[in-house]
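Here is how the chains run, residue by residue.
Protein chains: 2
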Amino acid sequence: MDLHPNVASLAPLLGTWRGKGRGEYPTITSFEYADEWTFSHSGKPFVSFVQSTRSAEGKPMHTESGYLRGTGDGAIEIVAALPTGQVEIGGGRADEAAGVLTLTTDASVTNTPTAKTVERVTRSYRVEGDVLDIDLAMAAVGQELGHHLASRLTRDTMPT
Amino acid sequence: MDLHPNVASLAPLLGTWRGKGRGEYPTITSFEYADEWTFSHSGKPFVSFVQSTRSAEGKPMHTESGYLRGTGDGAIEIVAALPTGQVEIGGGRADEAAGVLTLTTDASVTNTPTAKTVERVTRSYRVEGDVLDIDLAMAAVGQELGHHLASRLTRDTMPT
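These protein sequence lines map, in sequence, to chains A and B.
Residue 48 in the numbering used here sits at position 48 of the first sequence, with consecutive numbering throughout.
Residue 15 in the numbering used here sits at position 15 of the second sequence, with consecutive numbering throughout.
Fair warning: there could be bad hints in the mix.
Because identical chains share one entry, a pair is satisfied inside a single copy or across any pair of copies.
[As the list claims (entries may be wrong)] Here are the simulated SDA-like pairs of lysine to any residue, each with C-alpha atoms no more than 25 Å apart in a straight line:
#1 K59 / T16
#2 K116 / S9
#3 K59 / G43
#4 K116 / R93
Calculated directly from the structure, the hints in this document are not laboratory data.
Taking the hints into account, I'd like the entire structure generated from these sequences.
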């Protein structure tokens, strides 16, 4: 099935990716994780994503899911839900140059009453061939926007 | 793997469910759809859900994903993302009586700039044996809270 033209620029993201990541933040002890992302589509003007992370021992850690909406001319809207009690909503851009796709998003965050407070999340995805680099920064628990997660993944499954 | 005690009351929801639904709203023509929901867990204090709907011809229609967070004593928080450009965040309750699970949630909604405006979504899930009834009401596009979706599903796959 063809990608909808509004998300055609996201084609290099499609598939399942696996790799390793490292997390840090001023308020926590740094940690490492196994990272897995799947990006898929149904022919509509959005790409679905699901992430799941595991510890070195294979224990489930984080998961999240959401959608990248293409609104035309490389403009992307992001909506995401996190079981830690957050929803993200924001926008960004997808650009391709010299065979490298760069997607950046900036989202405001709303938190459930029992969740830790996250205010803002910025994401960067960079695809070059079968390598995906992801970076995430956040403003949370009273801290300024700062680096939180970085992972490097390789394409494990081609899109169906 | 055992369900986390905070979401133990949601056990009857686990698995994949399929059935038929009908949608209506003052601003649209009523429609029918094939409905599929999967509820799963990883031992953490939340249940993940993914919905997908299809037309009678098997064409993808709507999809959404999110999480039900158990905070204890039957209290549930809901976070969800919708590729139509919405995020939902709210709370509710799970109760079981005479073998019937009832889960109700009430969420406020935030919309991306290019999305149709939804303000509030209430959901009701009722499980009796292998039958799941879902109802959804919304306040959207300037309308008061009103009925939008109803579907009846049967359990297709037991939880893994």
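What label fits K59 with G43 when the C-alpha limit is 25 Å: within, between, both, or neither?
Only across copies: K59 and G43 sit 10 Å apart there, 34 Å inside one copy, limit 25 Å.
Measure nothing new, just compare the shortest in-copy and cross-copy C-alpha distances for K116 and S9 to 25 Å and report within, between, both or neither.
Cα proximity of K116 and S9: across copies only (24 Å, versus 34 Å in one copy).
Between the shortest in-copy and the shortest cross-copy C-alpha distance, which are at most 25 Å for K59 and T16: within, between, both, or neither?
both (19 Å within a copy, 23 Å between copies)
Go through the copies and call it for K116 and R93: within, between, both or neither, with a Cα cutoff of 25 Å.
Only across copies: K116 and R93 sit 21 Å apart there, 28 Å inside one copy, limit 25 Å.
The structure agrees with every numbered hint stated previously.
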